[in-house]
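Work out the full structure: start from the sequences and follow the hints.
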Amino acid sequence: MECVVQGIIETQHVEALEILLQGLCGVHKERLRIHEICLKSGPNLGPVASEVRLLCDLEQAEPSWTVRHIGGAMRGAGAEQISVLIRTMVESKASKNVLRMFYALGYKLDHELLRVGFAFHFNRGAQITVTVSSVNKMLKLHATDEAVPVTPGIQLVEVTAPATSENYTEIVSAMSSFCEYLAPLLHLSKPGISTGVVPTAAAAAASLMSDGGGTTL
Amino acid sequence: MPVKWVLHWQPNAGTMVNSQILSEVSQCAESINGVKDGRWKTTLTFYRPNLRDPSLPAEFPRDFMGISLLEQPNKYYFIIRGQKIILEADSSILTIMEKLQSYKSKVALNFEGVLYKLGDFQLKIGKVAPSTSESLRGIMMEVEYLPISSVEKSRQVMEEFLNIWREAVAKKSLPGQFMHMEPNYAEYGLLDNYTSQHTAVQYATALAQLIATVQQPPGQPMRN
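Sequence order for the protein chains is A and B. Numbering-wise, the first sequence is residues 0 to 216 according to numbering that gives the first Met the number 0. Numbering-wise, the second sequence is residues 0 to 223 according to numbering that gives the first Met the number 0.
The set of hints was computed from the structure by calculation and includes no laboratory data. Model, not experiment: these values are computed from the prediction. Quick reminder that beta carbons are idealized off the backbone N, C-alpha and C, glycines included. Among the clues, some could well be false.
[What the hints assert, rightly or not] Derived DMTMM-like pairs: lysine to aspartate or glutamate, alpha-carbon spacing no greater than 20 Å straight-line:
(1) A:Lys-107 / B:Asp-191
(2) A:Lys-95 / A:Glu-58
(3) A:Lys-92 / B:Glu-70
(4) A:Lys-95 / B:Glu-87
(5) B:Lys-103 / A:Glu-1
(6) B:Lys-98 / A:Asp-109
(7) A:Lys-39 / B:Asp-191
(8) A:Lys-39 / B:Glu-97
(9) A:Lys-92 / B:Glu-97
(10) B:Lys-98 / A:Glu-50
(11) A:Lys-39 / A:Glu-50
(12) B:Lys-152 / B:Asp-191
(13) A:Lys-107 / B:Asp-52
(14) B:Lys-170 / B:Glu-158
(15) A:Lys-39 / B:Glu-133
[Stated by the list, open to error] What the simulated footprint calls covered on chain A by chain B, stretch by stretch (three residues with Cβ under 8 Å from a Cβ of chain B suffice, anywhere in the stretch; the number is not a length):
(16) 5 to 13
(17) 45 to 54
(18) 142 to 151
Right, here's the structure in full:
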């Protein structure tokens, strides 16, 4: 299982977010360049249609592949009251012919994306990962060098943490309190519930840029 | 990692494999000074597509197999022989396949037996049996030469060892012999440097041979 929240931020404020995250996490950012291929089962395969994501990490000298399955979100009155989405998620690292294998098994390409940005991994009551990335689409099949932004000027921020059915309430509370620190710059909510950019972002970013010891405006 | 050859017991025409042969073969390992050093186990599972409407014509691989090796407990291997695909993944791939529900396990075979040490060689001799019963369906053997990890460079020493081994087995006048069918590793995109993926491909190849020779195949007939 994993806990997840998402938000968006204007690209012009990403540098301020990075300074804030650097200060909060105390670790260095990692560059992120992920080619994400979403596959769907062909007709007649499986009792219900299924979907699987293949992630190719292009930051590595030798690109590495991960198979990711995202399952259903936790439902019910309790789940609705919390501000974080809890869902099943399973990952497996795989060798490079994983796309060929899923094609052979009868899976079809649904869409592909290129995520470019950075990530912070740190422990703050939970093993939290924050990714800030621009989401790009390919104009030609697998042409990651010619990708163009899906939403120019806007980047996606995602905060995730692994959880179990025993500890998810603590993980949710650790994540929620962490997200409050980011509130002046962006609002984080369950995926699919877009809350847009926050009006205080410009002022908060300006303040961070002048206080943060980074470049000044 | 060290090079291995996976061999299967091919019974003479008209004869069947039985536990007496397995016991005689194990004695051969001891007769050439093999020292017992624990047990080993490999599991191979055949998967079949889980079709919504089985009456519709469908083009799915009929030879989709998964293999777990004791030497790599956190990994799992998928093989589609027809298309020469070998995939190495974390064993959590099994949870993903379960959640996808697109393929389900049809039959699983266990390969298990005794490990023998003989200087720089390791021998694993064991039986092939369906996971649901103890009935013997075949005999498999793994020969491992610890100092070399190049398939080509080890070929001569492996062949020399097998000559000694076959002489030892011949003394028993058993109705059959061990066969080694080396897969074309390059077709699977595998290089000369030996890996567990080579082992998985060899198991799939040896099993296909074994199924072709036994009278009641545990899985579906396979393309060779």
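Check: Going back to the hint list, which numbers does this structure go against?
Finding: Hints 1, 5, 7, 15, 16, 18 not satisfied by this model.
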